[in-house]
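**Student:** Using numbering that gives the first Met the number 0, the letters of the sequence shown map in sequence onto residues 0 to 110.
Source of the hints: derived by calculation from the structure; they are not laboratory data. No experiment lies behind these values; they were computed from the predicted model shown. Idealized CB from N, CA, C, for every residue including glycine. It is possible that some hints are incorrect.
Straight line, CA to CA, 30 Å or less: simulated DSS-like cross-link-like pairs of lysine-lysine [unchecked claim]:
1) K67 x K4
2) K47 x K4
3) K47 x K67
Derived Cβ-Cβ restraints for the label pairs, each shown as a range [claimed, not checked]:
4) S35 x S12: 32 to 38 Å
5) A98 x V10: 28 to 34 Å
6) T22 x D49: 25 to 31 Å
7) E13 x N33: 27 to 33 Å
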Amino acid sequence: MPVFKNIGPFVFSEDLVIVDTVTVDGTTTGTPVNVSGWNGTFTLWSRKEDAAPVYSTSFTVGIGSDGKLTANLLLVTTSTLSDRAYWFSFRRTDGGQNAVVSEGTITFMGG
Numbered sequence: 000m001p002v003f004k005n006i007g008p009f010v011f012s013e014d015l016v017i018v019d020t021v022t023v024d025g026t027t028t029g030t031p032v033n034v035s036g037w038n039g040t041f042t043l044w045s046r047k048e049d050a051a052p053v054y055s056t057s058f059t060v061g062i063g064s065d066g067k068l069t070a071n072l073l074l075v076t077t078s079t080l081s082d083r084a085y086w087f088s089f090r091r092t093d094g095g096q097n098a099v100v101s102e103g104t105i106t107f108m109g110g
């Protein structure tokens with residue numbers, strides 16, 4: 000079952016780096032899960048029930064043992080966003096996995 004999160008606010012109309020830390024208990028203070036070797040996607044929708052995403056990209060894993068998944072949103076994408084909340088998910092897709100790790104709202108505001 001995915002962990003629900005509210006993240007942001009971020010300023011749209013600039014390049015952004017979105018970082019999600021996966022922990023054993025799903026809290027911000029929990030023990031990080033080793034995400035080494037994970038592959039997957041970060042997806043952004045206008046609303047949760049929308050079929051077509053606003054944006055989707057592969058996430059990256061740096062150290063791995065720190066539990067951090069990183070997604071880059073480029074200016075070309077963020078410049079089309081509005082001052083409001085969107086729905087996002089980080090989905091793991093490697094090694095037979097196909098599961099949403101975290102999802103929730105991500106808020107953008109004008110800069």
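**Student:** Taking the numbered hints from earlier one at a time, note which ones the structure violates and give those numbers from smallest to largest.
**Tutor:** none
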